[in-house]
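S.K.: Sequence:
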Amino acid sequence: MAWPSHLPPPDPLVVKELTARQEELREQVILQKPDFQLNWLAGCDSSFIGENILSVFVLLKYPELELMEKVYHYGPVELPYIPGFLAFREAPNLVKAYAQLQQKPDLIMVDGHGIAHPRRLGIASQLGVLLNKPTLGVAKKVLTGKYEEPAPVKGSITPLTHRGEQIGNVIRTKDKVKPVFVSPGHLMDLETATAIALKTALKHKLPEPTRLADHYAEVFKAEVR
DNA sequence: GCGACAG
DNA sequence: ATCTTGTCGC
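Residues -6 to 218 (the working numbering) make up the first sequence, in order.
Possibly wrong hints are sitting among the right ones.
[Stated by the list, open to error] SDA-like cross-link-like pairs, simulated, lysine to any residue; straight-line CA separation at most 20 Å:
1) K169 - K198
2) K167 - A144
3) K54 - L191
4) K198 - T151
None of these hints come from the bench; they were simulated from the model. In this text the structure is predicted, and so the values were computed from the model without any measurement.
Take the sequences, apply the hints, and build the full model.
M.R.: And the structure:
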């Protein structure tokens, strides 16, 4: 994968190492209908302040979607952003924030793709393997694949395909608002991921877990300054 | 060969 | 992600 001209060229040696690590992790990904009883649903998000990264986790009761916990971890970031390798930059710190949750969730909604990735290991899948926890990804922009624009009415769905296989769904979570891209991360299947993303999308484009994690990232950001 | 590229 | 102004609509 080449890289966008507006980004600094990554070290070929680093990319080689990360690609190898990605392959190891990808082999551990399990895509199947989860057997859990969904009672606790988490959302997470990352934001940056100079050389530091703020990683946030929110815990919601399901299906009420009532906010129960909000935690964060703040520390230095190790790697630059490289398209296709987002998880190596954000996952380590998300794991540290996750450790602070008193009640561990049954499922985690991640801001980014699951298997809708060039090598089928987006940040949602990688984080799921690292935590051995079911995950699904909800991204605002496509990374890989082709799709038809879903109808402008909330609930419309269109498949996201890549190399002959369906890797996710493009779903309209709000009338006349740009759709989001949903894909299973780990210990999850596309049908369930899609249903949960739609069911937790209330009055906004982003489903509640992701939207609240996003919101508290801003709140905590003001706190750490 | 020319673009495109999660956060 | 972050930097940024005004503007449109519920």
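S.K.: Checking against the hints above, which ones are violated?
M.R.: none
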